[in-house]
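There are 2 protein chains.
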Amino acid sequence: MAPWSGITADEMRLLETTFWSAGGSRHAMAEQLGFSKSKANALIAGLVDQGLLAEAGLQRSSGGRRAENLQLHAGLGVLVGIDIGATSLDVAVLRPDLTLLAQHDEPADVREGPAVVLARVRVLMRELLERCGYGARDVLGIGIGVPGPVNFEIGQLVNPPLMPAWDSFSIRDYLREDYAAPVFVDNDVNLMALGELWRLKRSLNNFLVIKIGTGIGCGIVCHGEVYRGAAGSAGDVGHICVDQDGPRCHCGNVGCVEAMAAGPAITRMAVQAAEAGESAMLAECLRVHGRIDAVDVGQASRAGDTAANGIIQRAGNLIGQMLASVVNFFNPSHVFIGGGITRIGPLFLAAVRQSVYQRSLALSTRHLEIQYTPLGVQGGLVGAGVLAMHETLKVRGVAP
Amino acid sequence: MAPWSGITADEMRLLETTFWSAGGSRHAMAEQLGFSKSKANALIAGLVDQGLLAEAGLQRSSGGRRAENLQLHAGLGVLVGIDIGATSLDVAVLRPDLTLLAQHDEPADVREGPAVVLARVRVLMRELLERCGYGARDVLGIGIGVPGPVNFEIGQLVNPPLMPAWDSFSIRDYLREDYAAPVFVDNDVNLMALGELWRLKRSLNNFLVIKIGTGIGCGIVCHGEVYRGAAGSAGDVGHICVDQDGPRCHCGNVGCVEAMAAGPAITRMAVQAAEAGESAMLAECLRVHGRIDAVDVGQASRAGDTAANGIIQRAGNLIGQMLASVVNFFNPSHVFIGGGITRIGPLFLAAVRQSVYQRSLALSTRHLEIQYTPLGVQGGLVGAGVLAMHETLKVRGVAP
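Chains F and Y, in that order, are what the protein sequence lines are. Just so you know, we're using UniProt numbering here: the first sequence kicks off at 1 and counts up by one. Just so you know, we're using UniProt numbering here: the second sequence kicks off at 1 and counts up by one.
FYI, nobody ran anything at the bench for these hints, they're computed from the structure. Fair warning: there could be bad hints in the mix.
Said to hold, decoys possible - Here's a subset of chain Y near chain F, in silico, CB distances under 10 Å, partners left out:
1. E31
2. S38
3. N41
4. N206
5. D236
6. Q354
7. Q358
8. E391
Stated by the list, open to error - Where chain Y lies over chain F, by a calculated footprint (3+ residues, C-beta under 8 Å):
9. 16-25
10. 216-227
11. 275-288
12. 329-343
13. 350-363
As the list claims (entries may be wrong) - Covered by chain F, according to a simulated footprint, are these stretches of chain Y (three or more residues, beta-carbon under 8 Å):
14. 104-111
15. 219-227
16. 243-252
Beta carbons: idealized from backbone N, C-alpha and C, even for Gly.
Work out the full structure: start from the sequences and follow the hints.
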């Protein structure tokens with residue numbers, strides 16, 4: 001797609017700042033960029049003329065005067081955010097300021113491979129766009145999260161353990177058949193980190209997002225930017241060893257935290273407790289539904305079931321043990337925990353905290369906050385939208 | 001100290017690039033900065049006039065034409081680099097381009113507290129400066145490394161476990177009595193990372209430096225900058241747990257890698273082996289010297305001593321186990337190992353590698369290189385010089 005013509009570096013910085021400061025006043029933005037009031041006003045006027053920036057609503061400033069809020073112009077087009085999980089598929093259409101226009105989620109099985117999953121993505125994209133009155137040509141940028149390691153530059157998965165059929169498949173090329181807009185692919189946890197970074201308006205520079213579901217992954221924000229590592233596999237914390245005598249993991253090693261404390265491990269422990277007669281509640285759940293998942297364990301725990309509490313405590317402690325190593329190494333200001341595990345409830349979070357505070361150094365935990373992700377289940381989609389807009393600004397704003 | 005008068009942002013970038021590219025040609029530097037040839041030439045001429053930049057020697061370029069090398073002007077003054085270890089003290093005087101002018105190292109005990117150690121630093125600084133014909137007023141910047149966590153902004157140690165008497169002591173204020181030059185204090189391993197970053201001319205963006213001596217610490221380079229963490233304690237990997245049933249560490253937890261595999265642990269294992277009659281060589285060493293240190297274990301190993309080999313293998317494997325967690329999380333391109341442990345020899349490095357490659361994910365280790373620090377024992381001092389010059393440029397180059 002052609003770059004916007006004649007955009008200067010200063011105009012570009014203003015567009016980026018507008019996006020990241022989500023509806024800030026022109027005064028605050030000029031200050032942040034170190035522009036004089038008159039320079040900022042001239043730049044803004046030019047960008048409004050070009051249809052890239054809009055003055056939106058009015059905000060009562062502290063001095064009683066009204067300062068105009070700025071946002072990226074809705075006429076620029078729409079973004080599509082796609083969050084492909086191991087067992088779910090979320091698609092959304094968003095405005096350039098990330099206002100949600102339409103959204104759909106459904107169960108999916110990523111192991112069915114890219115042909116099946118992406119065919120469904122294609123259908124959902126068309127339907128959702130139509131529902132908001134848009135066509136393929138209105139799409140400004142597409143952001144996609146996938147549950148595996150991604151080579152970000154070329155937009156391909158690299159040796160993804162949960163989805164081997166996707167190895168080296170080009171999602172970008174696949175969607176190019178329908179859309180002229182640029183397509184960006186990233187790891188799902190990196191997108192959650194990007195989403196939180198946007199929500200925080202970049203007010204935190206060094207934090208982690210841990211996603212716990214079928215697997216365990218970590219998004220890293222360092223020096224105010226998402227950090228992907230030398231080969232795109234940074235944050236692969238699921239295979240950190242927490243017990244030298246632990247069970248064997250599908251990766252070949254023993255005692256990986258993912259094998260001992262992620263969703264499937266919690267389910268396995270619950271089924272064992274039910275079958276061993278340790279919990280009437282879990283046994284009843286198994287009898288009625290034929291299975292027990294993490295949410296059931298959380299429900300039993302809230303109802304006072306001792307076995308369920310023990311399982312949650314154990315999983316939380318193991319994840320806390322892994323996190324303690326990571327906190328000693330990285331010294332983040334915040335750790336946000338997201339993914340399916342959050343539906344278990346507060347006991348899990350308490351167990352994680354206890355374990356981290358006990359095992360990490362005092363200096364690293366003195367100001368550390370550990371909490372569930374504020375964006376919750378929307379984190380992946382918001383992150384996909386941030387990826388789409390942020391990267392589109394980069395590729396469209398500069399001459400090739 | 002007053003900022004250099006009238007330095008523009010572009011001139012500043014040119015000075016910084018000159019320092020970091022260590023004697024690069026004006027052509028290469030202009031290209032790196034995106035300056036036109038004529039703009040670069042004008043800027044350089046101005047900086048040469050101001051006595052900040054010098055054209056040094058000639059470098060035959062690929063086309064057969066001669067391109068002038070640039071370096072920071074020697075007339076700017078000298079840097080002092082100080083590397084305070086747990087048991088040693090190194091002081092050096094360096095040119096702005098980090099050419100070593102004078103150096104002295106001696107044993108020291110950091111536990112004696114700042115009054116004793118810094119009084120000695122003060123004497124050594126004066127002596128070394130005199131030896132090169134300089135006085136206090138010629139000092140441009142001072143960089144100091146200390147073996148504990150540092151609040152970098154205020155230049156103070158925070159709860160340092162190895163040197164409690166230094167807690168909240170202001171090294172900066174102490175040296176201000178003698179020197180008008182700015183004083184910068186950082187953790188010793190961060191300085192090793194900074195030193196390697198400078199040696200590499202910033203050609204690697206994401207790597208780690210592990211220092212193993214009395215303790216174990218890690219310097220982190222992320223997105224091309226040293227990363228210090230939210231509270232300045234990033235890289236505190238010595239207390240990562242590698243054995244849930246391991247011995248108790250001075251930090252209160254059990255199985256910390258530092259308690260099981262750093263210098264004192266190696267010495268302890270060697271004494272045990274000597275006393276248990278498992279090694280004639282180590283027993284002889286203990287008899288003659290009354291002690292065994294890591295170098296002795298290395299010598300015995302090279303002479304084929306089985307017990308010594310076992311000790312080194314065990315220490316290397318435990319450190320590799322800790323590193324495997326860190327590599328899974330951070331996915332660095334390189335891990336450089338430095339500190340006293342390097343004197344043990346190649347067997348230790350082999351054991352570390354074996355353990356990391358076995359325990360880390362394939363994607364994280366596919367292009368990972370693990371080696372001893374190229375700067376070796378000079379790493380801390382070079383890093384102190386880099387800190388002094390880099391930060392001095394920052395504070396002197398901009399109006400307050």
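Exercise. Does Y/Q354 pass the interface check with chain F, least Cβ-Cβ distance below 10 Å?
Worked result: Violated - the Cβ of Y/Q354 stays beyond 10 Å from chain F, reaching only about 14 Å at its closest.
Problem set entry | Agreement of hint Y/Q358 with chain F interface, Cβ distance less than 10 Å | Holds. Min distance 8 Å.
Problem set entry | chain F contact restraint on Y/N206 - CB to CB distance below 10 Å | Given a least distance of 5 Å, the restraint on Y/N206 holds.
Exercise. Is the shortest C-beta separation between Y/D236 and chain F less than 10 Å?
Worked result: 5 Å, holds
For this session: Examine the stretch 16-25 of chain F: at least three residues should have C-beta closer than 8 Å to a C-beta of chain Y.
Result: Violated - the stretch 16-25 of chain F has 0 residues with a Cβ nearer than 8 Å to chain Y, which falls short of three.
Problem set entry | Check of the stretch 243-252 of chain Y against chain F for coverage (Cβ-Cβ below 8 Å, three residues minimum) | n = 3 at 8 Å, threshold three: holds.
Exercise. For the hint on Y/S38, does the least C-beta distance to chain F fall short of 10 Å?
Worked result: Hint violated; Y/S38 Cβ to chain F Cβ min 20 Å, cut 10 Å.
Problem set entry | Satisfaction of the Y/N41 interface hint, Cβ to chain F closer than 10 Å | Status violated, d = 23 Å.
Exercise. Are three or more residues of the stretch 329-343 of chain F within 8 Å, CB to CB, of chain Y?
Worked result: It holds: at least three residues are needed, and the stretch 329-343 of chain F offers 5 whose Cβ sits within less than 8 Å of chain Y.
Exercise. Are 3 or more residues of the stretch 219-227 of chain Y near chain F, judged by a Cβ distance of less than 8 Å?
Worked result: Contact hint for the stretch 219-227 of chain Y vs chain F: holds, 5 residues under 8 Å.
Exercise. Do three or more residues from the stretch 350-363 of chain F put their C-beta atoms closer than 8 Å to C-beta atoms of chain Y?
Worked result: holds (count 6)
Exercise. Hint check: is the beta carbon of Y/E31 less than 10 Å from a beta carbon of chain F?
Worked result: 18 Å, violated
Hint check: violations occur at hints 1, 2, 3, 6, 8, 9, 11 and 14; the rest are consistent with the structure.
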